[in-house]
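Participant: This is what each chain is made of:
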Amino acid sequence: MTPLDQVILFVVDLLALLAVYLIINIGLNIQEGITGIPNFGIVLAVAGGAYITGGLSTRLAVSLLRVQTNLDPIFNNIAVLHLVNPILRSQPPTAIAMLVLFLIIGSLAGALMGLISSAPAVRLREDYLAITLLAFGEILNVIGIGYKPLIGGPIGVNLPDIFGWAGQYRFYVGTFVLLLVAAAIFAYAGYLIKTPFGRTLKAIRDSEIVARSLGKDITRYRTTSILLGSLLCGTAGSLWVLYSGAVTPTYARFDWTFLPWLMILLGGIGSNRGALVGTVVFVALNKLIVYYKYAFVGILPFDIVWLNYLLLGIITILILIYRPEGIVREKVTAPKLNLSAANKEIQSS
Amino acid sequence: MGNLLQVKDVKRSFGSLRALDGVTLNVDEKTVTILIGPNGSGKTTLINVITGLQKPDEGHIYYVSTEITGWSPQQIYRTGIARTFQIPSMFGKLTVLENLLVAEKNHPGESFTKSLVKRLWAKHERDAVEKASRILQLLGLFEQSNMPASLVSGGQMKLVEIGRALMSDAKLYLLDEPVSGVNPTLAHEIFARIIGLREQYGITFFIVEHRLDIALQYVDYVNAMVSGRLIAAGPPEQVINDAKVIEAYLGA
Chain A
1 MTPLDQVILF VVDLLALLAV YLIINIGLNI QEGITGIPNF GIVLAVAGGA YITGGLSTRL
61 AVSLLRVQTN LDPIFNNIAV LHLVNPILRS QPPTAIAMLV LFLIIGSLAG ALMGLISSAP
121 AVRLREDYLA ITLLAFGEIL NVIGIGYKPL IGGPIGVNLP DIFGWAGQYR FYVGTFVLLL
181 VAAAIFAYAG YLIKTPFGRT LKAIRDSEIV ARSLGKDITR YRTTSILLGS LLCGTAGSLW
241 VLYSGAVTPT YARFDWTFLP WLMILLGGIG SNRGALVGTV VFVALNKLIV YYKYAFVGIL
301 PFDIVWLNYL LLGIITILIL IYRPEGIVRE KVTAPKLNLS AANKEIQSS
Chain B
350 MGNLLQVKDV KRSFGSLRAL DGVTLNVDEK TVTILIGPNG SGKTTLINVI TGLQKPDEGH
410 IYYVSTEITG WSPQQIYRTG IARTFQIPSM FGKLTVLENL LVAEKNHPGE SFTKSLVKRL
470 WAKHERDAVE KASRILQLLG LFEQSNMPAS LVSGGQMKLV EIGRALMSDA KLYLLDEPVS
530 GVNPTLAHEI FARIIGLREQ YGITFFIVEH RLDIALQYVD YVNAMVSGRL IAAGPPEQVI
590 NDAKVIEAYL GA
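Chains as they are written, first to last, in this note's numbering: chain A, 1 to 349; chain B, 350 to 601.
The hints are simulated quantities; they were obtained by calculation from the structure and are not laboratory data. Heads up, the beta-carbon is just placed ideally off N, CA and C, and yes, glycines get one too. Accuracy of the hints is not assured; some may be wrong.
Derived CB-CB ranges, DEER-like [to be verified]:
1. B:I544 <-> A:P324: 37 to 47 Å
2. B:K480 <-> A:A252: 27 to 37 Å
3. A:G167 <-> B:E479: 55 to 65 Å
4. B:I436 <-> A:D127: 20 to 30 Å
5. A:L300 <-> B:N495: 45 to 55 Å
Take these sequences, add in the hints, and give me the full structure.
Facilitator: Okay, structure coming up:
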């Protein structure tokens with residue numbers, strides 16, 4: 001590998017992670033930033049998308065491709081994939097159709113997790129809700145480790161290589177697909193904020209009681225918001241395991257709840273562009289710290305593995321003290337009245 | 350002139366506190382009625398009960414001739430009763446214009462599925478913006494249309510509250526202290542606008558207000574409440590000269 005290849009691989013990997021986090025952060029921002037639901041359990045939806053995709057993809061591939069085998073898709077995972085992957089490699093259209101199918105399944109799995117967490121979420125007040133959702137986030141890992149038929153227990157399983165047809169460009173194509181999906185979702189979220197639906201969500205966030213007195217069905221809006229946000233988190237989880245080709249029951253609260261929160265806090269809660277800025281700045285920063293931290297061995301008076309955790313903590317505190325509204329302030333997205341034109345029209349009518 | 354709102358023997362307690370102890374009153378169509386009474390006499394509770402934010406323990410509430418007792422706030426809002434709050438509560442990050450737009454009834458763009466296709470709601474939105482800008486004009490808030498609602502003055506927030514209520518095309522408006530904390534000039538202006546709206550649109554107002562020096566010149570009827578009971582009702586001169594009202598509320 002030439003140094004250039006290394007740089008390219010570094011960037012491709014960085015972009016893939018960025019795309020996945022952007023989707024999750026948009027999902028979180030719809031819930032916390034726009035509707036005011038502090039979902040501290042988004043790891044549940046991410047892991048839901050990841051584990052369900054991981055658990056079903058090999059099984060589905062075997063039955064849809066009519067692979068003749070008595071081997072179990074989970075317990076004899078590697079052997080079964082040896083039969084499945086050559087077919088997917090030789091038939092790119094089939095592989096792409098299957099990618100779409102798996103993404104839909106993963107997204108729906110995320111939405112299902114959202115539905116489960118929405119039961120307490122629409123009834124509890126902020127702090128109680130936060131604690132409950134925090135606990136919810138742990139459930140799936142316990143199931144994933146204990147119930148082997150899901151994703152093979154602690155060691156996890158591999159997934160059908162959906163990008164295998166791209167050969168040595170597999171990760172480039174994968175990253176491209178991830179970025180494409182992320183861009184579409186980013187565009188949709190920008191549109192959502194400007195619709196009357198998004199406006200009602202923001203109204204509920206700003207004053208629940210007034211929104212109720214203006215005839216809004218608060219429970220339905222909050223449930224929809226959680227479902228939508230969780231669906232996106234499921235999409236991200238699903239994309240991530242399909243891209244990396246394997247899944248283990250290690251979807252931790254730190255990576256998939258705390259970091260997304262930190263990113264939207266950094267970018268600016270409630271702002272769609274803020275979610276993008278927060279994701280880019282954070283993912284790049286974190287990657288650089290991880291990449292270069294060994295340069296500090298011997299200089300710093302503690303073990304270097306703690307460096308990024310420490311820096312992330314410091315960054316969080318600095319944001320909260322000096323710029324609690326984040327890098328990008330929530331923009332007014334209202335239909336602007338052209339005062340003079342509207343005035344004339346009213347006078348003349 | 351028929352009864353638009355009838356409240357019959359409504360009771361509501363909070364623990365051992367009887368906030369409403371058998372309140373019976375009528376609001377006639379196209380009138381401006383105020384409800385007075387000392388602090389803690391149950392005026393806001395009555396509005397909360399009428400608008401469905403709190404359920405009555407006993408009693409009946411009729412709107413036109415439909416019983417609305419126990420309906421949800423959404424159902425009551427849809428049927429034609431809108432309210433404002435004593436302490437103005439804005440959708441702070443939305444603009445003044447957007448604050449009014451949120452109140453638009455039956456907006457197709459507010460449904461998640463229909464919001465996905467702009468064509469399904471864009472026309473309704475344009476009409477709503479036009480309606481909102483007329484109301485803003487009427488309330489003298491036009492210049493503030495594009496300002497975030499959290500940045501307008503306290504008096505203007507009161508007007509935004511009224512504007513939001515007006516967006517509903519309701520027939521009955523329950524205003525909870527629309528001029529408290531507002532300077533006398535603006536307070537007179539708010540009441541003058543309320544009268545203007547009544548004349549123009551034939552709508553009905555039921556207003557909780559303490560500032561009798563201002564309110565009495567404008568209203569048709571006065572109801573007086575003490576400790577969860579109605580002690581007097583009638584034209585202003587009659588009620589403020591009532592011995593019980595003077596003793597309980599106006600002072601010697």
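Participant: For each hint, tell me whether it holds in the structure or not.
Facilitator: Each hint, compared with the structure:
no. : hint                          : in the structure
1   : B:I544 <-> A:P324: 37 to 47 Å : 45 Å, holds
2   : B:K480 <-> A:A252: 27 to 37 Å : 51 Å, violated
3   : A:G167 <-> B:E479: 55 to 65 Å : 59 Å, holds
4   : B:I436 <-> A:D127: 20 to 30 Å : 23 Å, holds
5   : A:L300 <-> B:N495: 45 to 55 Å : 51 Å, holds
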